[in-house]
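Participant: Residues per chain are reported as follows:
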Amino acid sequence: MKEYFFKISEKVINTLSNDEHLTISINGENSEFIRINNAKVRQIGTVADASIGMELIKNNRKVQMSFTIQRDMEKDYKIIIDYLDAMRKNILSLPEDPLCVLPKDHGSLDEEYTGHLLNPKESVDALLPVMSGVDLIGIWASGDVFVGNTNSAGQKNWFSTETFSLDYSLINPLKKMVKETYAGTHWDQNDYESFINSSKEKLSMLNEKSRKIKPGSYRTYIASAGVSDLIDMFSWGGVSENSIRKGRSSFIKMRDEGKSLSPCFSLKEDFSSGTVPRFNSNGEISDIELPLIINGALKNTLISTRTANEYSLLSNFASQGEYLRSPVMKEGLIEEQDILKELNTGVYLSNLHYLNWSDQLGGRVTGMTRYACFWVEDGEIISPIDDMRFDDTIYNFFGDKLESVTSKSRLNPSVGTYGGRNLGGVHCPGIILKSFELTL
Amino acid sequence: MNLVEIISKIDLDAEWFGLREYKENTTYHVIRDKNPLSNETSIDHGIMVEVLKNGQFGYCATSDLSLSGIQRAATTAQESAERASKYSVFSFESNVRPKSKGEYLTPIELPFDSLSAGEINDILMKANDWILNDDRIMSVSAMAMLVETTINYACSNGSDIHQKINIVGSDYSATAKNGQIIQTRTDGRSGNQMGLERFNQDLVREKCNKVSSQVIELIEAEQCPTGEMSLVLAPDQMMLQIHESIGHPLEIDRILGDERNYAGWSFVQLEDFGKLQYGSDLMNVTFDPTVSNEMASYGFDDGGFKASKEHLIKDGILLRGLGALESQERSEVPAVANFRSCSWNRAPIDRMANLNLEAGDSSFEDIISSIEYGVYMETNRSWSIDDYRNKFQFGSEYGKLIENGKITKTLRDPNYRAITVPFWNSLSKVGDESTFEVHGTPNCGKGEPNQVIRVGHASPICLFENIQVFGGA
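Protein chains in written order, with my numbering: chain A, 1 to 440; chain B, 1001 to 1473.
Treat each hint with caution, since some may be false.
Footprint (simulated), chain A over chain B, 3 or more residues, beta carbon under 8 Å [said to hold, decoys possible]: (1) 1159-1170; (2) 1254-1260.
In silico DSSO-like pairs for lysine-lysine, Cα to Cα no more than 30 Å straight-line [stated by the list, open to error]: (3) A:Lys434 with B:Lys1391; (4) B:Lys1126 with A:Lys11; (5) B:Lys1086 with A:Lys121; (6) B:Lys1034 with A:Lys89; (7) A:Lys209 with B:Lys1391; (8) B:Lys1086 with A:Lys202; (9) A:Lys212 with B:Lys1275; (10) A:Lys89 with B:Lys1023; (11) A:Lys78 with B:Lys1210; (12) A:Lys179 with B:Lys1086; (13) A:Lys78 with B:Lys1275; (14) B:Lys1023 with A:Lys75; (15) B:Lys1009 with A:Lys78; (16) A:Lys209 with B:Lys1275; (17) A:Lys89 with B:Lys1126; (18) A:Lys202 with A:Lys330; (19) A:Lys75 with B:Lys1034; (20) A:Lys89 with A:Lys156; (21) B:Lys1086 with A:Lys200; (22) A:Lys253 with B:Lys1275.
Keep in mind the hints are simulated off the structure, nothing from the lab. Think of the CB as a built atom: it goes at the ideal place given N, C-alpha and C, for glycine as much as any other residue.
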């Protein structure tokens, strides 16, 4: 697709007049999906999807259009030219946009990661047999994902990767569940089967009858998967400079009221793992690292060039939505084998579910505990617990109440598929809290 | 494209196969702080081929619209189905894709080309001005969303369906600051099936004036009190309440466990249908894709099943679930026409469409005057519920304190939490037709691979007793 995209882009850009500025992007995938329920196939299919987006700027006016392509150079070129003509007509009637970002040549990136994936003709027989004897539900996704953009200033970016993931839950007769994701770029049948068998062993830990605990404050351990959900909240009215400026961010207290998080908490954007493109939809390329919070203090926010134009700031080439693309939280000192001992008595939460701001400006988040969550006494797991609702602030769980951070960071891969298969994930360790508010 | 003709040319050895062509043009116009933020159109167009082979469905989604491209997709779907058939959850027959013919068209007054992009931008720019009438307002925005969806469906059994749906959404919002108190008020980000009559300037101005005056009320308001009290929910909060605590738990595919790895399971069991006292006897809930102008109205679902109105809950008793023909075969619960997909590149699953709480007989004044102490909440802003759909916590943008039968003052940051069945059994008054409003949201997420779909929810104002209410951080 890279050759197709650069060739068709060049043809389109050659049609522009001197006062027209154009950015062209492509997003697409070729994916196999298998939906599994009770270790059997519920739905199976393949998706070949790709779309081209164009942003035309002329006389300080901007219009955007995207459309599905047929992957046929001749047909697609004709469609693109028709749409470009429609955009040219449309743009004349629009108001001026003083904040629009003209395309520039920031230098180009070309990253292609090839993998060794299961052939779709073999996937069902490779995946299903080891699941026998257990209630397993999940989604298999495999194939290539590609992103590219070019612009009329001469920039060309490309990123493609071949990946697979099996995101799944195992469920026992007591309806207790273990959540896992087996993901990678190179398929290894033996490793996969060992991984599933290890999950089955974890499920056996949930055979004890679960305990109901009362609402209240509890010493708490939150494992890496749960911490990644809490960090994800920063992409939604948190670390965005625009959100802070427009009064819709939980970070306003840090910016305006001198609040800080715990000295144990540090977070950065770090693209060194190569799991996501380093360029944004404008084609701008971010630095490999951007420290955001260092030892609890807000050092940087995510600033797109549009926001930079609006508030006379320096852009750090964040995405237009100023969300986290490759977050990495710094590890601490607690070894994995010491987690239960350090927690002593309290709740152990492996996963969280359905988080939302209950008071965004106050930094308060509500959500549920989910999957393998336990009551721990004197450093030993006593029993699973019933699901509980929590409602607490980032200034508590990443702030005053954060006691320690574990020494091992994990990548929690982003397996979402809204609009297309997501890339990347959140790298983070687990956290031990002096207290955490469980409310219902 | 003539799908019936293409069907006749596809060479396939299968029990059944079908084509669903989906083309959707979506345009967003946004003016924020008097600068154009977005004038963006996306056109999503492709075909899903579904094939039933050995009792298993397989699909292949392609944007290659040539006959040879569709034939390749059909062969791929057939091969997928065949390989998976020895591991099928359920062996289906072709009766879950009934033969249907027909059309559906959104009734509209003003077609989408009755206003140019420039004219819509002019209205949104004026909306910014109308909202921005106080120095304490720090940010404003106005949004218009126009969606035109064409779905053509044809199958090897002779089905031939054509549906054209027009949806218009809008929002007007303001954020204001008073010292360290910052509040945002919106118009609710709602939408309906309709034309551009939604952008009548008098109507837009009325909405902007409300947003503008209420955001100022909010920055001067007290924090919502904490305690157990009467709770009155406006229709634009009921929308979320119905969606999360009735719609999702009644989806049969959830009850059958398909969603356990993602959206979750349900506290509702198959044996609850016909028996469970879901709510008080004032509670009447219908699945109704036939309501004119509601966001998720249609003539047929994506399996070709003709849409009709059905009671899900009558006088508080749970009667029926939200499951289409595949779920009916698996669960033996009678089906509704809710087999829906978000686009050509996702397979249909059980979804909500229009899910409505029927009006009762209490006027707004009846409801307020009956309350000794309570809170009225309008417009959802926060939502979270567990994976069985039991323990929820929701928040609203705008609250009012009710004391001794009268509304006394505005409240900011109102929230409430409860458990689904006790909550609905605490329903003590249901508003009459004069309080009834039709809302819709384009953002219901579910399914693996993930799908976001449009739903409609209509409701009157409702009163609940002894609910845990609280304020902000």
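Participant: All hints are to be evaluated individually against the structure, with a verdict given for each.
Facilitator: Here is how each hint holds up against the structure:
1. 1159-1170: n = 0 at 8 Å, threshold three: violated.
2. 1254-1260: holds (count 4)
3. A:Lys434 with B:Lys1391: holds, 25 Å
4. B:Lys1126 with A:Lys11: Given pair Lys1126 (chain B), Lys11 (chain A) is violated - Cα atoms ~40 Å apart, limit 30 Å.
5. B:Lys1086 with A:Lys121: holds, 14 Å
6. B:Lys1034 with A:Lys89: Holds, because 22 Å separates the two Cα atoms, which is no more than 30 Å.
7. A:Lys209 with B:Lys1391: holds, 20 Å
8. B:Lys1086 with A:Lys202: Satisfied, since the Cα-Cα distance of roughly 28 Å is no more than 30 Å.
9. A:Lys212 with B:Lys1275: holds, 27 Å
10. A:Lys89 with B:Lys1023: holds, 23 Å
11. A:Lys78 with B:Lys1210: violated, 47 Å
12. A:Lys179 with B:Lys1086: Measuring from Cα to Cα gives roughly 26 Å; hence the hint holds.
13. A:Lys78 with B:Lys1275: violated, 60 Å
14. B:Lys1023 with A:Lys75: holds, 17 Å
15. B:Lys1009 with A:Lys78: The given pair, whose Cα atoms are some 27 Å apart, holds under the 30 Å limit.
16. A:Lys209 with B:Lys1275: Since the Cα atoms of Lys209 (chain A) and Lys1275 (chain B) sit roughly 28 Å apart, the hinted pair holds (cutoff 30 Å).
17. A:Lys89 with B:Lys1126: OK: Lys89 (chain A) and Lys1126 (chain B) at ~23 Å, within 30 Å.
18. A:Lys202 with A:Lys330: Cα-Cα ~27 Å, so holds.
19. A:Lys75 with B:Lys1034: At roughly 39 Å apart (the allowed maximum being 30 Å), Lys1034 (chain B) and Lys75 (chain A) break the hint.
20. A:Lys89 with A:Lys156: holds, 27 Å
21. B:Lys1086 with A:Lys200: OK: Lys1086 (chain B) and Lys200 (chain A) at ~23 Å, within 30 Å.
22. A:Lys253 with B:Lys1275: violated, 50 Å
The structure is inconsistent with the numbered hints 1, 4, 11, 13, 19 and 22, although it conforms to all the rest.
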